[in-house]
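**Q** Listed here are the chains, written in short residue letters.
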Amino acid sequence: MVVNVNYEEIIMKETVVTICSGTLCYVMGGAALLSLKDHIREDLRDSVIVKASPCLGYCKDPAQGKPPFVEVNGEKIAQADVSAILSKIIRG
Amino acid sequence: MINNSYFLEIEYNQFYKYRNNVPGDVFMTSRSDDAKIITVLSDGLGSGIKANVLATLSATMASQFIKRNIDICKSARIIIDTLPVCNVRKIGYSTFTVSSIDNNGHVRVIEYDNPPFLLFKNNVYTPVDCENIKIGSSEYKEDSINYYSFNTEFGDRIIFMSDGVTQSGMGKDSTPLGWGTTECIKYIENILQTDPEISARQLSKKIVSKSLQNDDHFPHDDITCAVLYCRQPRKLLVVTGPSIKEENDVIMKEAVAAFPGKKIICGGTTAKIISRELNVPVEVNLCSPRSDVPPEAFMEGVDLVTEGILTLCKVTRILENGLESDYIYDAAYKMAVLLLDSDSIHFIVGTKINEVHQDPNMPIEIEIRRNIIRKIMVILEEKYLKKTELQFI
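If you read the protein sequences in the order shown, they are chains A and B.
The first sequence begins at 1 in the working numbering and counts up one residue at a time.
The second sequence begins at 1 in the working numbering and counts up one residue at a time.
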């Protein structure tokens with residue numbers, strides 16, 4: 001997958017990305033998100049902390065959206081993919 | 001479990017003859033109706049499919065006769081007469097060593113044409129008196145069996161080997177007649193002195209690996225070694241699934257905190273509950289190899305934390321097919337290893353059904369947790385002779 005990101009827009013502040021590794025998120029695309037760091041330019045990887053979490057619980061409430069769920073600095077992204085996560089990191 | 005003082009761990013390891021896909025040696029275990037444990041090691045003449053079929057036939061017959069308490073001489077005679085005899089070598093097409101262990105630790109062993117079994121007491125080889133019983137003649141030779149009867153105690157080990165072990169290295173300058181029983185005994189005693197609590201699984205693996213080394217990694221015959229170890233039961237607790245009642249979270253926490261053995265928490269929600277109750281963080285391991293199950297997590301005081309149902313389904317497959325059927329060292333493999341390295345496994349299963357798992361949009365079908373746990377328990381008891389207990393919460 002090719003992801004076009006303008007890295008010059010990124011301010012080098014620390015960002016914490018938490019990927020839900022619960023059952024539903026894992027089978028609905030979350031497994032692929034665990035290698036998120038491979039999609040971030042090498043010199044910027046240190047400013048992004050990628051963590052995985054046991055089930056974040058969003059899947060229990062349909063109003064929260066569809067899995068896979070990811071949190072970027074505590075803010076939830078539903079139906080997350082690499083492109084959506086990187087956009088969120090850039091926008092802050 | 002033999003009695004309240006020890007558990008009988010039974011494991012075997014095997015290498016096939018070079019370029020064979022099927023072993024000519026067969027090792028079987030089973031339990032009789034009166035709770036005796038029966039083991040049989042049979043070596044089919046030659047190698048490959050034919051040898052495997054003959055070894056399986058004699059092992060199955062021997063196991064069934066012993067279960068039904070049929071006279072041993074009569075049983076041995078029937079098996080020997082059933083099997084063909086090689087025209088050229090004038091020996092039977094299969095050997096067998098049968099053992100029967102009752103709940104009081106009393107052992108009977110019947111050997112026909114296999115290397116003699118080895119008994120180790122206090123980590124030292126201990127010869128056992130043998131009665132050689134003639135059981136009649138076939139066309140080519142007088143047949144006899146070796147019969148042993150003795151009692152086991154805590155710490156004893158009984159080792160059965162095919163001649164692929166004792167004859168490994170045959171023809172080399174250093175071991176022209178093969179490794180031999182005497183050298184094999186010295187090797188085992190060395191291991192037991194260095195590691196007196198080595199498990200049956202690890203010991204059998206070391207013996208077959210040494211035999212393979214003797215053969216310069218080109219085994220001239222199938223190499224099989226089975227170890228029976230009268231040990232302190234290794235206990236394991238598996239906690240999986242939240243309770244339908246929140247007030248039971250405390251019971252779960254207390255079970256984990258007080259359990260005198262290894263512990264596995266299986267399920268993200270379960271892990272979060274126990275983490276909250278014990279005030280200990282959970283951290284998912286992103287360095288875990290990528291696989292079809294989510295990565296495991298760390299929690300202080302717990303040996304393994306995994307995701308729930310996907311991991312349990314994979315554990316079931318691994319246990320059914322054997323550890324060697326899967327090479328990814330993921331959470332499911334680690335859980336399978338912990339289960340197989342334990343003797344007595346206590347399952348605490350939460351009764352709350354996760355409705356999200358039944359979403360029809362899911363790309364895979366997911367079984368209900370308690371059904372999967374029951375399947376795992378049956379495999380552990382019937383295939384691996386473990387002791388299991390189940391508690392719903």
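Any given hint might turn out to be false.
[Said to hold, decoys possible] Calculated cross-link-like contacts (lysine-lysine; reagent style BS3-like; alpha-carbon spacing at most 25 angstroms):
1) K272(B) x K66(A)
2) K253(B) x K66(A)
3) K272(B) x K76(A)
4) K51(A) x K334(B)
5) K51(A) x K235(B)
6) K60(A) x K272(B)
Hints were generated in silico from the structure; no laboratory data involved.
**Q** Now tell me, hint by hint, if it's right for this structure.
**A** Outcome of the hint check:
no.	hint	verdict
1	K272(B) x K66(A)	holds, 22 angstroms
2	K253(B) x K66(A)	violated, 32 angstroms
3	K272(B) x K76(A)	holds, 19 angstroms
4	K51(A) x K334(B)	holds, 21 angstroms
5	K51(A) x K235(B)	violated, 32 angstroms
6	K60(A) x K272(B)	holds, 15 angstroms
Of the numbered hints given earlier, the model fails hints 2, 5; all others are met.
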